[in-house]
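Asker: Sequence:
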Amino acid sequence: MLALRGATQVASNDPHEIVRATTELLRELVTRNALDPADLISIWFTASPDLTAAYPARAAREMGFVDVPLMCASEIDVPGGSPRAVRVLIHTHSARPRAEAAHVYLHGAASLRPDLVTGAPAGSVEA
Numbered sequence: 304m305l306a307l308r309g310a311t312q313v314a315s316n317d318p319h320e321i322v323r324a325t326t327e328l329l330r331e332l333v334t335r336n337a338l339d340p341a342d343l344i345s346i347w348f349t350a351s352p353d354l355t356a357a358y359p360a361r362a363a364r365e366m367g368f369v370d371v372p373l374m375c376a377s378e379i380d381v382p383g384g385s386p387r388a389v390r391v392l393i394h395t396h397s398a399r400p401r402a403e404a405a406h407v408y409l410h411g412a413a414s415l416r417p418d419l420v421t422g423a424p425a426g427s428v429e430a
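For the sequence shown, my numbering assigns the number 430 to the last residue and increments by one with no breaks.
None of the hints are false.
Simulated DEER-style distance windows between Cβ atoms:
#1 D317 x H396: 27 to 37 Å
#2 V369 x A402: 30 to 40 Å
#3 E378 x D317: 16 to 26 Å
#4 S315 x E365: 14 to 24 Å
Calculated directly from the structure, the hints in this document are not laboratory data.
Ideal Cβ placement from N, Cα and C applies to all residues, glycine included.
Take these sequences, add in the hints, and give me the full structure.
Answerer: Below, the structure written as structure tokens:
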């Protein structure tokens with residue numbers, strides 16, 4: 304089993320923007336990790352407290368992940384926390400070692416876990 308992390312910063316608290324940004328994040332995680340949807344165990348999404356217009360999991364359903372258990376939760380409202388952030392944790396069956404996992408942080412979210420994006424392919428993180 305492999306756990307993959309990712310996050311993105313959404314432009315605004317708008318349903319279309321939340322789904323668009325989450326779709327972009329999921330596509331990057333699937334592509335960079337050569338994920339087969341049949342191997343996915345579950346996907347957990349969290350959203351910062353200022354994102355209330357849509358569930359991020361809607362993006363996964365619209366991408367066709369209909370048999371994958373999905374869960375959404377709200378992040379703790381910590382002072383100084385990242386605004387408009389969607390985070391994801393994907394559990395998947397995989398023989399790949401954890402060291403080969405490609406975690407994806409987009410649109411300002413790289414500051415959340417710079418330790419996980421070190422050594423990422425060129426252009427993979429937007430600060």
